[in-house]
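From just these sequences and the hints, can you work out the full model?
There are 2 protein chains.
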Amino acid sequence: MTFSKRPVKRTTEILLGHGSGGRLTHELIRDALLKKLDNPVLRELGDSAVIDYKERIAFTTDSFVVSPLFFPGGDIGKLAVTGTVNDLVMLGAVPEYISLALIIEEGLRVSVLEKVIDSVARSAKEARVRVVTGDTKVVEKLAADKLFINTSGLGRVLGRRRLTLKNISPGDKIIITGNIAEHGLSVLAKRKGPGLGLNIRSDCASLAGLIIPLLEKTRAIKFMRDPTRGGVATTLNEIAEGAGLGIEIEEKKLPLSDKVRAASELLGIDPLYVANEGKALLVVSRQEAEKVVGLLKLHPLGRRAAIIGAVTRREPGRVISRTLFNTERVLDMLVSDPLPRIC
Amino acid sequence: MTFSKRPVKRTTEILLGHGSGGRLTHELIRDALLKKLDNPVLRELGDSAVIDYKERIAFTTDSFVVSPLFFPGGDIGKLAVTGTVNDLVMLGAVPEYISLALIIEEGLRVSVLEKVIDSVARSAKEARVRVVTGDTKVVEKLAADKLFINTSGLGRVLGRRRLTLKNISPGDKIIITGNIAEHGLSVLAKRKGPGLGLNIRSDCASLAGLIIPLLEKTRAIKFMRDPTRGGVATTLNEIAEGAGLGIEIEEKKLPLSDKVRAASELLGIDPLYVANEGKALLVVSRQEAEKVVGLLKLHPLGRRAAIIGAVTRREPGRVISRTLFNTERVLDMLVSDPLPRIC
Numbered sequence: 055m056t057f058s059k060r061p062v063k064r065t066t067e068i069l070l071g072h073g074s075g076g077r078l079t080h081e082l083i084r085d086a087l088l089k090k091l092d093n094p095v096l097r098e099l100g101d102s103a104v105i106d107y108k109e110r111i112a113f114t115t116d117s118f119v120v121s122p123l124f125f126p127g128g129d130i131g132k133l134a135v136t137g138t139v140n141d142l143v144m145l146g147a148v149p150e151y152i153s154l155a156l157i158i159e160e161g162l163r164v165s166v167l168e169k170v171i172d173s174v175a176r177s178a179k180e181a182r183v184r185v186v187t188g189d190t191k192v193v194e195k196l197a198a199d200k201l202f203i204n205t206s207g208l209g210r211v212l213g214r215r216r217l218t219l220k221n222i223s224p225g226d227k228i229i230i231t232g233n234i235a236e237h238g239l240s241v242l243a244k245r246k247g248p249g250l251g252l253n254i255r256s257d258c259a260s261l262a263g264l265i266i267p268l269l270e271k272t273r274a275i276k277f278m279r280d281p282t283r284g285g286v287a288t289t290l291n292e293i294a295e296g297a298g299l300g301i302e303i304e305e306k307k308l309p310l311s312d313k314v315r316a317a318s319e320l321l322g323i324d325p326l327y328v329a330n331e332g333k334a335l336l337v338v339s340r341q342e343a344e345k346v347v348g349l350l351k352l353h354p355l356g357r358r359a360a361i362i363g364a365v366t367r368r369e370p371g372r373v374i375s376r377t378l379f380n381t382e383r384v385l386d387m388l389v390s391d392p393l394p395r396i397c
Numbered sequence: 055m056t057f058s059k060r061p062v063k064r065t066t067e068i069l070l071g072h073g074s075g076g077r078l079t080h081e082l083i084r085d086a087l088l089k090k091l092d093n094p095v096l097r098e099l100g101d102s103a104v105i106d107y108k109e110r111i112a113f114t115t116d117s118f119v120v121s122p123l124f125f126p127g128g129d130i131g132k133l134a135v136t137g138t139v140n141d142l143v144m145l146g147a148v149p150e151y152i153s154l155a156l157i158i159e160e161g162l163r164v165s166v167l168e169k170v171i172d173s174v175a176r177s178a179k180e181a182r183v184r185v186v187t188g189d190t191k192v193v194e195k196l197a198a199d200k201l202f203i204n205t206s207g208l209g210r211v212l213g214r215r216r217l218t219l220k221n222i223s224p225g226d227k228i229i230i231t232g233n234i235a236e237h238g239l240s241v242l243a244k245r246k247g248p249g250l251g252l253n254i255r256s257d258c259a260s261l262a263g264l265i266i267p268l269l270e271k272t273r274a275i276k277f278m279r280d281p282t283r284g285g286v287a288t289t290l291n292e293i294a295e296g297a298g299l300g301i302e303i304e305e306k307k308l309p310l311s312d313k314v315r316a317a318s319e320l321l322g323i324d325p326l327y328v329a330n331e332g333k334a335l336l337v338v339s340r341q342e343a344e345k346v347v348g349l350l351k352l353h354p355l356g357r358r359a360a361i362i363g364a365v366t367r368r369e370p371g372r373v374i375s376r377t378l379f380n381t382e383r384v385l386d387m388l389v390s391d392p393l394p395r396i397c
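Protein chains in written order, with our numbering: chain Y, 55 to 397; chain F, 55 to 397.
One or more hints might be untrue.
Remember, identical chains collapse to one label, so a pair may be satisfied in a single copy or spanning two.
Stated by the list, open to error - Taking lysine-lysine pairs in the DSS-like style, the calculated list, with each CA pair at most 27 Å apart, reads:
no. : residue 1 : residue 2
1   : Lys246    : Lys179
2   : Lys271    : Lys169
3   : Lys200    : Lys220
4   : Lys220    : Lys90
5   : Lys220    : Lys89
6   : Lys200    : Lys306
7   : Lys313    : Lys179
8   : Lys108    : Lys351
Rather than coming from a laboratory, the hints here were simulated on the basis of the structure.
This is the structure we're talking about:
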């Protein structure tokens with residue numbers, strides 16, 4: 055063991071000792087984390103945070119293993135904050151507190167970690183959440199790939215209404231809040247390198263600003279889920295199975311940028327199965343669906359919102375898609391994935 | 055991409071597709087997780103959980119990267135539950151809910167995962183916490199070492215009293231709840247193989263049953279922290295620095311099993327720097343210290359509880375140890391660690 059009372063010389067690479075729980079860990083936390091994420095709860099530096107709560111709270115967790123760490127439109131830090139924030143928002147909760155747990159591969163450049171933490175700090179500020187507790191582990195080279203992040207989140211649930219699958223009835227409309235498939239294709243394009251000529255930015259964004267005011271304006275929303283891993287098709291399958299009802303969508307109504315359409319054709323990838331990180335699927339009562347789309351369009355993140363389908367009694371548990379050629383196909387749930395480590 | 059509406063044939067190894075968010079992920083979660091961890095909140099299988107809370111809550115997070123996954127007295131699953139439970143208990147909170155996020159290396163045997171989840175379920179039941187939300191990611195071979203677990207936890211804070219460093223004053227006594235250094239040496243012995251002839255079991259245990267009733271019986275406890283990574287010496291340094299006071303301990307008062315004493319001498323490792331996973335350091339008012347030790351000894355986890363030192367005005371921020379040879383040495387904080395991935 056190595057001991058020292060005095061600060062140790064700063065290194066440019068993460069050492070195994072940064073995970074020892076001792077002096078190096080303390081200095082890493084102080085220099086690379088606390089300065090960026092400072093708030094009164096975190097400053098106490100306990101292993102846990104105490105939070106005053108008087109209401110119903112939503113609680114979520116997500117690990118992020120995206121490779122590469124940086125991609126057009128985002129990075130693992132932004133993704134970790136917005137992903138957890140969005141899970142809370144989907145439950146109708148105002149995100150308030152998150153935790154930040156790092157698993158770092160020995161040898162990671164400290165500057166890379168600092169860049170990620172900058173992004174965590176910026177994203178947390180934008181989403182109005184505070185990082186109140188955290189953890190840092192370091193594993194030896196090749197025992198992890200650079201950096202994994204877990205964020206767990208707490209939010210205050212709005213009102214007494216529960217947004218559960220049980221609320222869904224036949225006739226309800228399915229709304230998507232914007233263009234699909236941008237996150238997955240952005241990460242894929244970054245992996246394949248610039249030679250592919252794809253210039254797609256991830257849609258990675260906090261949905262709190264789009265969705266929370268909407269929930270305060272209308273009671274028409276019955277259920278929400280963000281179509282991340284597995285894409286829109288997989289999330290619709292979860293909804294259909296969970297509600298015990300069918301879902302029909304029309305592919306011509308799917309909002310899709312020209313770039314994503316071109317890239318999907320080039321790569322032979324169905325955009326319905328590609329991850330989104332700044333979109334929500336909303337199940338909304340039929341009468342209010344147009345109004346909800348109108349409200350969504352007022353926000354920068356909702357400009358391309360559209361009704362893409364409806365809930366039916368036909369084929370419970372299945373998702374049917376009317377294709378651009380006016381034929382029908384069953385949209386099954388994804389089994390495996392050509393795009394692992396997309397988030 | 056691979057699609058299927060029907061259940062896919064069960065595999066004995068984790069595939070990358072188990073992390074796709076699609077059918078394989080769903081079946082893994084259903085078969086390997088839900089059956090073991092079932093409760094009404096988790097059964098809804100949303101990305102988050104909604105919890106009714108009317109009080110102050112404690113919130114904590116910890117990732118576990120211990121290698122090997124199984125060791126005498128515990129495994130990564132038990133460690134993940136008890137580690138997070140203990141962080142909540144140290145704040146004077148009754149642990150109630152935890153999240154479970156898995157990062158799995160492709161190729162891990164499903165039977166190994168199931169064994170770990172069995173242990174999570176058993177430990178959660180023992181600690182009276184419910185696993186209410188989770189996440190599963192799979193990374194390709196060599197991008198992680200077998201299995202990492204993050205658990206975040208929520209607990210209800212007892213009473214209005216805050217157990218903070220600010221409560222600590224000169225004259226307070228330092229209590230350890232039992233024998234030290236067992237977790238770290240157990241994992242180390244397992245790594246070195248049976249040839250070493252060490253038969254040390256990890257002390258890995260939930261402290262809720264020992265500590266929560268104690269907090270209800272006495273107001274003498276001013277601060278608590280569990281001496282995990284970095285051991286008793288590092289945790290005492292955190293307390294001394296945080297409180298701006300000195301701490302003096304007497305090595306002859308440290309409870310230590312004969313096996314741990316022998317192993318420490320054999321390996322040349324100072325037990326004061328070795329991780330514990332079922333012990334707490336308590337800072338207690340002088341007048342009540344003997345009474346608190348008496349109460350601790352009534353519980354199986356507290357039989358070896360002892361007063362090991364006191365808070366002083368001398369040398370603020372430093373920890374001084376009176377050795378077995380009646381000399382003094384400064385116990386610095388650990389800088390690096392010969393035992394990485396101990397938790």
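Starting from the hint list further up, note which numbers the structure goes against and sort them upward.
1, 2, 3, 6, 7, 8
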